[in-house]
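Student: Each chain, letter by letter, is given below.
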Amino acid sequence: MKIDLDDVANAVLFFAVFIGIWQLVFVLGIWPKVSLPSPYAVAESFAEVILNYTLFTGIGITLGRLVIGFLISIALGTVIGLAMIKFKGFGKTMSSISAGLLSFPSIAWVPFSILLIGFNDAGILFVVIMSSIFSITISTYSSVRNIPPIYIDAARNMGAKGLSLFLHLTIPAATPSLIIGIRQGWSFAWHAIIGAEILMSIVGLGHILSVGREFQDMGLVIASMITIFTIGLLVDRLLLFKLEEKIRSRWGLSSDR
Amino acid sequence: MLYAGDFQLTKLEAKNITKYFQHETHRIKALDGINLKVEDGEFVCIVGPSGCGKSTFLRIVSGLDTTEEGEVIFDGKPVNTTSPERILVFQEGALFPWLTVSDNVEFGLKIAGVPKDERREISSRYLDMMQLTKFANSYTYQLSTGMKQRVAIARALAMDPDVLLMDEPFAALDAQTRDLLLVEMQLIWERTKKTIIFVTHNVAEAVVLGTKVVVFSNRPSVVKKEIVIDYRRPRLVEDQNLAKFQQDVMKELRPEVKAGSKNQS
Ligand SMILES: Nc1ncnc2c1ncn2[C@@H]1O[C@H](COP(=O)(O)OP(=O)(O)OP(=O)(O)O)[C@@H](O)[C@H]1O
Ligand SMILES: [Mg+2]
Chain A
255 MKIDLDDVAN AVLFFAVFIG IWQLVFVLGI WPKVSLPSPY AVAESFAEVI LNYTLFTGIG
315 ITLGRLVIGF LISIALGTVI GLAMIKFKGF GKTMSSISAG LLSFPSIAWV PFSILLIGFN
375 DAGILFVVIM SSIFSITIST YSSVRNIPPI YIDAARNMGA KGLSLFLHLT IPAATPSLII
435 GIRQGWSFAW HAIIGAEILM SIVGLGHILS VGREFQDMGL VIASMITIFT IGLLVDRLLL
495 FKLEEKIRSR WGLSSDR
Chain B
593 MLYAGDFQLT KLEAKNITKY FQHETHRIKA LDGINLKVED GEFVCIVGPS GCGKSTFLRI
653 VSGLDTTEEG EVIFDGKPVN TTSPERILVF QEGALFPWLT VSDNVEFGLK IAGVPKDERR
713 EISSRYLDMM QLTKFANSYT YQLSTGMKQR VAIARALAMD PDVLLMDEPF AALDAQTRDL
773 LLVEMQLIWE RTKKTIIFVT HNVAEAVVLG TKVVVFSNRP SVVKKEIVID YRRPRLVEDQ
833 NLAKFQQDVM KELRPEVKAG SKNQS
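Chains as they are written, first to last, in my numbering: chain A, 255 to 511; chain B, 593 to 857.
No lab work stands behind these hints: they were computed from the structure.
A virtual CB, placed ideally from N, CA and C, is assigned to each residue, including glycine.
Careful, some of the hints might be misleading.
Stated by the list, open to error - Under the rule of at most 25 Å between Cα atoms (straight-line distance), these lysine-lysine pairs were calculated in the DSS-like manner:
1. Lys607/B - Lys804/B
2. Lys804/B - Lys415/A
3. Lys629/B - Lys415/A
4. Lys669/B - Lys415/A
5. Lys629/B - Lys669/B
6. Lys607/B - Lys500/A
As the list claims (entries may be wrong) - Residues on chain A that point at chain B, a partial pick, calculated with CB under 10 Å:
7. Gly314
8. Gly318
9. Ile322
10. Ser431
11. Ile433
12. Ile434
13. Trp505
To be verified - Beyond 10 Å from chain B on every Cβ pair, some chain A residues (computed):
14. Asp258
15. Leu259
16. Ile404
17. Asp407
18. Arg410
19. Asn411
20. Met412
21. Gly413
22. Ser418
23. Leu423
24. Gln438
25. Val457
26. Met472
27. Leu494
28. Arg504
29. Leu507
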């Protein structure tokens with residue numbers, strides 16, 4: 255992987271200035287210490303949760319739940335999306351419903367999930383799935399419908415039909431736009447899991463946040479926020495964005511050629 | 593004793609093919625009862641004004657489009673779906689951007705379950721013929737339009753169909769490559785005895801390639817004239833003796849093109 259030194263320098267400068275301003279505000283004493291701790295105090299909280307392993311267990315549990323929930327979303331969402339193509343009436347209705355549910359706030363699923371499933375892991379998974387599945391259904395539905403008909407004609411002419419048409423044409427032809435849906439779904443799932451963990455978990459990153467609030471430990475709150483930010487950034491930039499770029503250039507869709 | 597070559601067999605027959613298209617405000621009649629008999633091993637070239645329905649006709653013969661009236665009979669049976677026995681080379685190329693050039697050429701073979709080694713051998717043979725060996729591992733967006741057309745031709749030939757339907761496959765080629773492929777097409781045709789229906793705007797090309805040239809009228813199209821090109825092979829474009837055939841075709845085609853352009857204004 256190529257790392258641009260300029261980019262690194264810019265990022266370092268940005269964070270140096272950011273921490274500098276923070277320190278300045280802290281020294282001016284505008285907020286009491288409990289509301290806004292110094293950068294140093296936050297670093298201490300960080301060190302503490304790292305050393306007693308709460309942070310890493312939290313990350314592990316949260317990401318574990320997220321991956322399971324999101325994989326279920328992808329599997330179910332794809333099946334529903336394909337069913338929407340196969341059964342046109344269902345497709346029309348479902349695409350309106352999906353559009354509505356796509357903008358439905360993930361937190362709003364929490365009370366429903368607690369009453370329906372319970373105050374447990376399955377309940378959290380349910381929130382994650384409901385929050386991300388509609389990105390997948392909508393993108394499956396539209397990606398497949400937007401495949402240029404001439405590709406389908408050419409493949410059929412060369413003998414592809416049924417399963418072979420699906421495997422050798424539908425999937426590859428739809429991939430560049432499917433990956434956009436997956437990226438969006440992932441970000442919804444990430445929003446959802448933190449929200450759900452704050453309200454309905456006794457472990458995980460979201461739970462660390464709510465512990466911080468209960469004990470008025472702003473250092474801990476900020477430390478977990480930084481962790482959440484960093485993971486979100488790393489997964490999107492290093493994984494999903496890279497994957498999307500790779501697919502786009504492989505499909506001849508990059509603009510820079 | 594009778595030999596197959598003693599009498600001609602009808603490979604394909606278009607009977608009264610009629611096709612309408614619905615546009616925003618009105619219905620367009622593209623084909624108005626096309627009748628055409630193609631014997632086994634014939635090389636039929638179709639010329640006609642732009643928009644008269646040549647591509648539509650090929651799509652119907654391939655089985656990709658349906659007709660309102662009339663039918664296509666292929667090997668004695670009506671066509672109602674596509675078949676790898678009738679391969680269409682699309683005017684737009686229709687190559688798959690997610691596959692390399694050689695994987696594009698091998699697409700149909702893979703679907704048919706041909707083993708990998710054999711596929712590679714077939715694709716490299718046709719890519720070599722199309723002078724694209726160096727680009728076997730490139731992606732299609734890395735090629736020029738003319739190169740893409742050659743990949744599309746290689747992909748069709750690799751399928752080894754009974755009937756090749758070619759929709760202006762040489763339109764984007766430079767003169768030198770075109771001349772080369774004009775010779776190559778004749779060799780392929782003579783060697784494989786394939787039945788070919790070849791659409792072109794280029795009358796010289798039609799006369800060089802065709803055992804007969806079919807002139808489509810302006811839309812709504814009918815077959816206006818069939819002109820048999822009875823001349824030795826291999827034919828070269830620069831052969832002066834072909835000029836007479838070209839004039840025969842032009843005489844039929846010119847009024848149709850004129851009528852077409854009048855309709856537009
Ligand atoms: N999918 C379609 N929907 C509506 N109209 C169509 C469609 N395809 C073709 N047509 C119409 O049918 C007529 C014939 O089109 P076609 O593409 O077969 O012409 P062509 O002879 O191949 O022209 P060219 O030489 O320019 O390629 C045109 O008037 C066109 O507008
Ligand atoms: Mg055409």
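Student: All the hints need checking, so say for each whether the structure fits it.
Tutor: Going through the hints against the structure:
For the hint linking Lys607/B to Lys804/B, the alpha-carbon distance of about 18 Å falls within 25 Å, and the restraint holds. Using a Cα cut-off of 25 Å, the hinted pair Lys804/B and Lys415/A is violated, with the two alpha carbons roughly 35 Å apart. Between Lys629/B and Lys415/A the alpha-carbon distance is near 29 Å, which puts this suggested pair outside the 25 Å criterion. At roughly 21 Å between alpha-carbon atoms, Lys669/B and Lys415/A fall within 25 Å of each other, so this suggested pair holds.
Under the criterion of a C-alpha separation no larger than 25 Å, the hint pairing Lys629/B with Lys669/B is consistent with the structure, at around 14 Å. This hinted pair does not check out: Lys607/B and Lys500/A have alpha carbons roughly 50 Å apart, beyond 25 Å. Restraint check, Gly314/A versus chain B: the minimum CB separation of about 36 Å is more than 10 Å; hint violated. Because the smallest distance between the Cβ of Gly318/A and any Cβ of chain B comes to about 33 Å, over 10 Å, the interface hint for this residue is violated.
With a cut of 10 Å, the hint placing Ile322/A at the interface with chain B is violated, because the nearest CB-to-CB distance is about 30 Å. Here the hint on Ser431/A is broken, as its CB sits about 12 Å from the closest CB of chain B, past 10 Å. The interface hint given for Ile433/A is violated, since its Cβ lies 12 Å from the closest Cβ of chain B, which is over the 10 Å cut-off. Evaluation of the Ile434/A hint against chain B yields a violated restraint, the C-beta minimum of about 16 Å exceeding 10 Å.
Annotation: Trp505/A was flagged as interfacial toward chain B, and the flag holds, the nearest CB pair being 5 Å apart, inside 10 Å. Chain B leaves Asp258/A outside its interface by the beta-carbon criterion, the shortest separation being 26 Å against a cut-off of 10 Å. Every C-beta of chain B lies more than 10 Å from that of Leu259/A, the closest at about 31 Å, which supports listing it as non-interface. Distance check for Ile404/A against chain B: the nearest CB is about 5 Å away, which does not clear 10 Å, and the non-interface claim fails.
The Cβ of Asp407/A does not lie farther than 10 Å from every Cβ of chain B; its closest approach is about 5 Å, which violates its non-interface assignment. Interface exclusion of Arg410/A from chain B breaks down, the closest Cβ pair being 5 Å apart, not more than 10 Å. Not every C-beta of chain B lies more than 10 Å from that of Asn411/A, the closest at about 5 Å, which undercuts listing it as non-interface. Residue-level check failed: Met412/A sits 3 Å from the nearest beta carbon of chain B, not beyond 10 Å.
The Cβ of Gly413/A does not lie farther than 10 Å from every Cβ of chain B; its closest approach is about 4 Å, which violates its non-interface assignment. With a closest Cβ-Cβ approach of about 5 Å to chain B, Ser418/A is found to fall inside the 10 Å limit, against its non-interface label. Not every CB of chain B is more than 10 Å from the CB of Leu423/A (nearest about 8 Å), against its label as outside the interface. No Cβ of chain B comes within 10 Å of the Cβ of Gln438/A; the nearest lies about 22 Å off, and the non-interface call holds.
With a minimum CB-CB distance of about 42 Å to chain B, Val457/A clears the 10 Å threshold, and the non-interface call stands. Taking the minimum C-beta to C-beta distance to chain B, about 50 Å, the non-interface status of Met472/A holds against the 10 Å cut. Residue placement check: Leu494/A keeps its beta carbon more than 10 Å from all beta carbons of chain B (closest about 19 Å). Distance check for Arg504/A against chain B: the nearest CB is about 7 Å away, which does not clear 10 Å, and the non-interface claim fails.
Not every CB of chain B lies more than 10 Å from the CB of Leu507/A, the least distance being 8 Å, so the non-interface label is violated.
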